[in-house]
Every structure is written in structure tokens, then in C-alpha cells.
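We have chain B; now place chain C onto it with these hints.
There are 2 protein chains.
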Amino acid sequence: MALYVHKYGGTSVGTTDRIEGVAQKIKKFKDAGHDVVVAVSAMSGETNRLIGLAKAISDEPTPREMDVLVSTGEQVTISLLSMALHKIGLPARSYTGSQVRILTDSAHGKARIQDIDTQRIRADLDQGRVVIVAGFQGVDEHGSITTLGRGGSDTTGVALAAALEAHECHIYTDVDGVYTTDPRVVDKAKRLDKITFEEMLEMASLGSKVLQIRSVEFAGKYKVPLRVLHSREEGSGTLITTEDDSSVEKPVISGIAFNRDEAKLTVMGVPDIPGVASKILGPISAANIEVDMIVQNVAADNTTDFTFTVHRNDFASAETVLKAVAEELGAREVSTDNKITKVSIVGVGMRSHAGVASKMFDVLAQENINIQIISTSEIKISVVIAEKYLELAVRALHTAFGLDDDTK
Amino acid sequence: MALYVHKYGGTSVGTTDRIEGVAQKIKKFKDAGHDVVVAVSAMSGETNRLIGLAKAISDEPTPREMDVLVSTGEQVTISLLSMALHKIGLPARSYTGSQVRILTDSAHGKARIQDIDTQRIRADLDQGRVVIVAGFQGVDEHGSITTLGRGGSDTTGVALAAALEAHECHIYTDVDGVYTTDPRVVDKAKRLDKITFEEMLEMASLGSKVLQIRSVEFAGKYKVPLRVLHSREEGSGTLITTEDDSSVEKPVISGIAFNRDEAKLTVMGVPDIPGVASKILGPISAANIEVDMIVQNVAADNTTDFTFTVHRNDFASAETVLKAVAEELGAREVSTDNKITKVSIVGVGMRSHAGVASKMFDVLAQENINIQIISTSEIKISVVIAEKYLELAVRALHTAFGLDDDTK
Chain B
1 MALYVHKYGG TSVGTTDRIE GVAQKIKKFK DAGHDVVVAV SAMSGETNRL IGLAKAISDE
61 PTPREMDVLV STGEQVTISL LSMALHKIGL PARSYTGSQV RILTDSAHGK ARIQDIDTQR
121 IRADLDQGRV VIVAGFQGVD EHGSITTLGR GGSDTTGVAL AAALEAHECH IYTDVDGVYT
181 TDPRVVDKAK RLDKITFEEM LEMASLGSKV LQIRSVEFAG KYKVPLRVLH SREEGSGTLI
241 TTEDDSSVEK PVISGIAFNR DEAKLTVMGV PDIPGVASKI LGPISAANIE VDMIVQNVAA
301 DNTTDFTFTV HRNDFASAET VLKAVAEELG AREVSTDNKI TKVSIVGVGM RSHAGVASKM
361 FDVLAQENIN IQIISTSEIK ISVVIAEKYL ELAVRALHTA FGLDDDTK
Chain C
1001 MALYVHKYGG TSVGTTDRIE GVAQKIKKFK DAGHDVVVAV SAMSGETNRL IGLAKAISDE
1061 PTPREMDVLV STGEQVTISL LSMALHKIGL PARSYTGSQV RILTDSAHGK ARIQDIDTQR
1121 IRADLDQGRV VIVAGFQGVD EHGSITTLGR GGSDTTGVAL AAALEAHECH IYTDVDGVYT
1181 TDPRVVDKAK RLDKITFEEM LEMASLGSKV LQIRSVEFAG KYKVPLRVLH SREEGSGTLI
1241 TTEDDSSVEK PVISGIAFNR DEAKLTVMGV PDIPGVASKI LGPISAANIE VDMIVQNVAA
1301 DNTTDFTFTV HRNDFASAET VLKAVAEELG AREVSTDNKI TKVSIVGVGM RSHAGVASKM
1361 FDVLAQENIN IQIISTSEIK ISVVIAEKYL ELAVRALHTA FGLDDDTK
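If you read the protein sequences in the order shown, they are chains B and C. So the first sequence is numbered by this note's numbering: it starts at 1 and just counts up by one. So the second sequence is numbered by this note's numbering: it starts at 1001 and just counts up by one.
Here chain B stands alone, though its shape is the one from the complex (with noise of 0.2 Å):
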């Protein structure tokens, strides 16, 4: 017997047919003589209409009010949920919250979890009773309801994980795990059995959009085991887990990531004195937009050039900020691009291997495709491509790297 947190998005808990569902996935895990506390997001387009009242009265609602409003979206689906455990004999209990008192700062709309208290959820465990639990929500010091922002009922599950010291926390999401790339993209992609926190960082913010990254981070910093599984069918998902030392036989790559729509500017000839990355990088940041890629090569001619990488939809804002900047630090040039990709590979094995940047980098070669930027980071090599080369190389790279599943 052990305990185990369930976490279901909005598309899994997205009509009463599919919440029924749910209550018979944790019937399974009852009948096995297991605990379980489940975490639920609000019902898929619930969010959205809550929001759409909220923008009909006003261009920039409360921030507080703005989280009373949408936190009731999760209410909903607790009580649903609650109600299907009890139509299948299933004792069950649901709290929002603010009822179990996930005490969170007051940042309205991205309010970070201080504390949990599990004196109720665990009195009802000891009852028999499964824990419903509302996802994306806590309540303030001061009684007002917080919310974490999208997609922080992951960061509930495993917060509850954490401070019940659950078994494992499963993510049950539409994907019966994570693959080593995108299967639309590679046939042959494979589902990870297993992967570390590190990894899953870096697929997550590199574009596998399987799991917030902040729960990610959170799972990783409390060592919660977290498994990622698919709502309605069976399997047994993806752990994300620690390093494990004992399998020696480690691939070197776990996965293949990429970003399909980014663009690239790059500001050339700038005079190459301390403080000049920020005089670029500032207004940049000052127009709200983010910056993924940062590269600087070394200087020659006392000038340097000075690239970055966004979003795509950033991309005209961000050239405009940029030219004035340019013209003001006496820059010889600004050069954009916006049909570029970034391909990275991922994986912990790199560590304790040399050779993997030379091998990928002879793999684009060989496929006649050009770098333009290189950037890498403990278990990651980023290349920065034309766009129209995307599948080509990822699928070159996925084989190379050994990572096909050749029974497909």
C-alpha cells in the first residue's frame, strides 16, 4: 500500500462522461489498497469563458477579484468529481484551496505555494476517503483566494506530493508519456521509460509541452517521483526521476527538442565595452518581450556582434526596439532572420561523454545543413538552423543518436 497524488488536466476532466472516467481510474488504485489525493484543473473551455465574463466588464480586471472568478472553475470540477466516487462507493472528500490551506504569497495570478497543511487530507486518508483537491489555487495570509496561473494544477499535484511524501505523483495528461522527439515530426520517435528532472527541463522549455515547467522544477527540488500518463488508456507512462547511477548501459541522448517559431536578430558592430549586452538586451525587456537564445562571440576590431533569438510573434516589436538601440550604441548593422529553428539534443549522458557536439555537428553536415549559432549547456547542444531543414534534421539526428524504435 502506498500513497499515491493523481493530478487530471481540463481535457481529461473535460465533461461529466470523462470526470466519471477519472473516478474509475482511481477506483483502480483504491482496489489496489492504495491512497490517493487527486489534484483537478477547472473543465477544458471553463477557464476561458470565466476570463471572457471578467474582459466583457473590464480591459484589466482586478487581480484579486480576477482569481475569486476563475478559482471557481476548479470548485466545479472538484465537487464532480467527488460526487462520481460517491456514485461507484467510493468515500471521497473534496477541498478547495483554501479549505486545505495551501497557504501561497499574495501575488494574485502567480501566487508561488509557502506551505501546505495536510491535517485534513491525512484525517481523511485514515478514513478510507479519496482527497479531491483543487488544483492552480491557494489562499493568502490574509483569507483572499491566489491562484498559481495556467497550468499550476501541476504544481498543486506535486506540491501535495512533496508534503505527503507520496509514492510517485502521476501527471495524467493526452500523451501516454514523453518521446524521445515529437512523433509528427519522427516516426520512429520512442516513449522514454524513464528520464531525469534535468532532461525534462530542458525538453519542456525547448518545446515537448507535457508538463509545466515550474512543476518540473518543483517535482526536481523535492525529489518527487513524477510519472506522466495518459488519461484514458493504459500504460505505464514516463517517470521523471532522479539520476540513476546503477544503469551503466545510459544512452548518451535522451531526446531531440526544437522550437519551431523563432526569429533571430542579430546587432553587428557594436563597440565592444562593458556594459553593451545590457544596453541592448534592457529595451528589449522593457517592451516585454522574452529572449530565449543569447550569443556573443569574442571581439575583434574592438566591435562585436551580438545575436539573440525570440518568439516569432515578437519578432516585428522586437527588430523596431532594436534599430533605435543600434543607432544610439553607433552599431554598424542590424541583421534579422525569421525563418530559422533551433534544434537542441538533450541528455545527462553527455556528462561523461566527449565526442556528442562533434558527432551532431557532423550529422547536420553530412545532411548539407548550415549552423548559424551554437549554444550548449551542461546536458544540452542547441543549434540554431534555416527552418526549412527542421525535419530533416531532427530525424538525421534522432537515428544518428541511436534513438529510433525500430519495431515501428
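Hints in this document: simulated from the structure, not taken from any laboratory. Any given hint could be a false lead.
[As the list claims (entries may be wrong)] Negatives, chain B to chain C, calculated, CB over 12 Å:
1. Glu65
2. Val76
3. Arg260
4. Phe315
5. Thr320
6. Gly330
7. Val334
[Said to hold, decoys possible] Short, incomplete list of chain B residues facing chain C, as computed with Cβ under 7 Å:
8. Leu53
9. Pro61
10. Leu80
11. Lys87
12. Gln99
13. Gln127
14. His167
C-beta: ideal position from N, C-alpha, C; glycine also.
Structure of chain C alone, referenced to chain B:
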């Protein structure tokens, strides 16, 4: 400067536009220097939508979870109204029943208010804020969400007014006040400037469904002056208050109420022995049928006739139950009529005026209307007549007791 409690029902907050209209209504009171506390219902249709979700899962949804579910309806409204007030520059803060701490018993779906903590509300009022409270809901001593039952938002408004010792509690509705009778039946029906709690109770329970009976009882008990007003039109509405001894020229009758959908059942020739009434009504009550009037006349020949009225929807099942009972009791006959109606004249003035009853019977006799049953209370006289005479009877009585609005 005075403190007003406003209550807005589901239709008054049925759309975001109407919520903005409510904000303007509140602004007028704030601009006049008053403090305002607001109790609101769920947007019209929302509670039924939520109940529909529950019914899709279970025919008998868990009462505790039902309250978690339906209480989200008012929570949506409080946040939207607060946003609408912020938008027009009025500081406001919303609270769920639980956040205020409207303490109730644990009778889910029909909880009764035990105590209201006014501390937070007073602190906000001191800061110049409008305080918005979710109607219809509270929290029990275990921290579980409770609801007061349908229409409970009126009760929330009155209870807040009592706890805060408000100057007046305003109930905003679809009508501009309480009328001497239904204006759809009598063209010359007149809006009453004032009516006593007792009269309002008799009027409400008899079919003038402007206010929830419980809220009127509550207001009477705590002597909270209630005013019924139209939510989208100007006007002073109708004040419901304690009897005003200073008004010498009080009309004898304040209004004429009627119930269209009644049915009458009589057991004739019942042995006149103690306990027979309960033997008849026990099985009726056990079948969950609500009985309205009960009339038993003096016995003759050791047998008596026992008559009661029920809502027409319950007529068929009441008849079935009653026939079985009659046989058991050895009664002579069961006679029924489901084409009847009840007409009542209501007024505290009749306490001190003899002859009101005989005048009523006279008026009906002049119209050749036969009276089937008579029942009286201190401030009300009710008669049962054939349904076809309803309009005729009400109009004749309205004129005879001087209630006609001659400006119409």
C-alpha cells in the same frame, strides 16, 4: 450618512451589462455619502447549469459536494461586480460566505445562519470600500461550504443588515414594489408605499412571490427595514417594516392575494374521534405532499368532514393516498376538486375593524360567487372558490376595499 445593504437577484446580475448597471446603482449611494454592503445571487441560469452537471453524474448528488458546486455561482458574481465597481473608480472587495464567515449549521442545501462575523466587513467599510458578499452560502463549523437553499440570497442580505445594524436592506428585483394584488389580474392594482412584515408574510406565502418568506421572517424578527425596489428603474419601492401606530388612517386591507394552482380534497363521514386528523394527514405528509389549508367543521352524527388543499401538481398522488386512508378509517366518501382557487384579503388593519369578513362575503355574494371553504387568521381571511371566478372575485374585492389606483 447611513449604511445600506443591497441585495441583487439572479436576473439583476444576469449579464455583464446588467452587472455594470448594478455598479452604477451602488455608485449613486456612495456618491450620496452612504456605506454599501452588497449581497448577490448567481447570474440567472447559472445555478441550473451547475445542477445539470451534477445530475449528469448522479441522480442523488452528495449534499456536501452539491454545495461546493452551486456556491461557485455567486462566487462568479461577486468577483465580476467588484471588477465593475473598480472600473468606475469605486474601491470594492468581494467575499465568499466562507471568507466573511457566515457561520451556518451543517444542513447542506438548507443551512441556517447562526452567526456573521462582521469584523472584515467593518474594516473594509472604514477604508471606504464597497463590500460584496456572495449570497445564499455560508460555512459550517468544520469549514465545509454550505448553502441556504434556493432564494437564500435574500436571507443573506437581511442577515447582513441585521448583523451590521444597517439603516435599510434593499432587495432589488424585477418589480418596482409590492402591489395590492397581481397587476396582471387587476389593472388598477396599486404599489404599496409601506406594508408590515406580517402582511408581507401572508402576501408572500399566498403567491405574491416578490420576496423569500424566510427573509421576511428574519427581517421581522430582527426588525430590519426591508425595501423592495426595481433593479433597473428609479423609484422608492415598497418599505416592509413594523406596524406604524402613528398612521391613524391605515387602510383596513393592504392587499389581495391568491393561489391559482390549488386542489381540494375532502373525506366525508369520518368517525369523529381523537387522532383522526393525524391519521389522515400523516400518510399525506409521508408522501412528501405539502398541505396548504386544513378545515374541519363541527361534527354531526358522530362523523365529520375533513378538507384540505394541496398544490395541483400533488393532486393525483394525494387522491391515491387519501382513498386508501379513507377506506381504512371507514369514511363514507372522498370528494375532490382540482379546479379551485384560494383568494385572501390581508391587512393588519382588520384586527381593529369588525365587519371585514362579512363585507368580503357580501362582495362575493353580490357577484354570485359561491364560497366553498373559509379559513381565517388574525390578519387574513381566505376563501376557496371555483377557479373560473378568480379574476372576478379579486377585482370586486380590490374595488370594494378601496385599493383601486384611480389614476390608472
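Against the structure, the hints:
no.	hint	in the structure
1	Glu65	violated, 4 Å
2	Val76	violated, 5 Å
3	Arg260	holds, 37 Å
4	Phe315	holds, 34 Å
5	Thr320	holds, 32 Å
6	Gly330	holds, 46 Å
7	Val334	holds, 41 Å
8	Leu53	holds, 6 Å
9	Pro61	holds, 5 Å
10	Leu80	holds, 6 Å
11	Lys87	holds, 5 Å
12	Gln99	holds, 6 Å
13	Gln127	violated, 13 Å
14	His167	violated, 27 Å
Going down the numbered hints, you'll see the structure goes against 1, 2, 13, 14, while the others check out.
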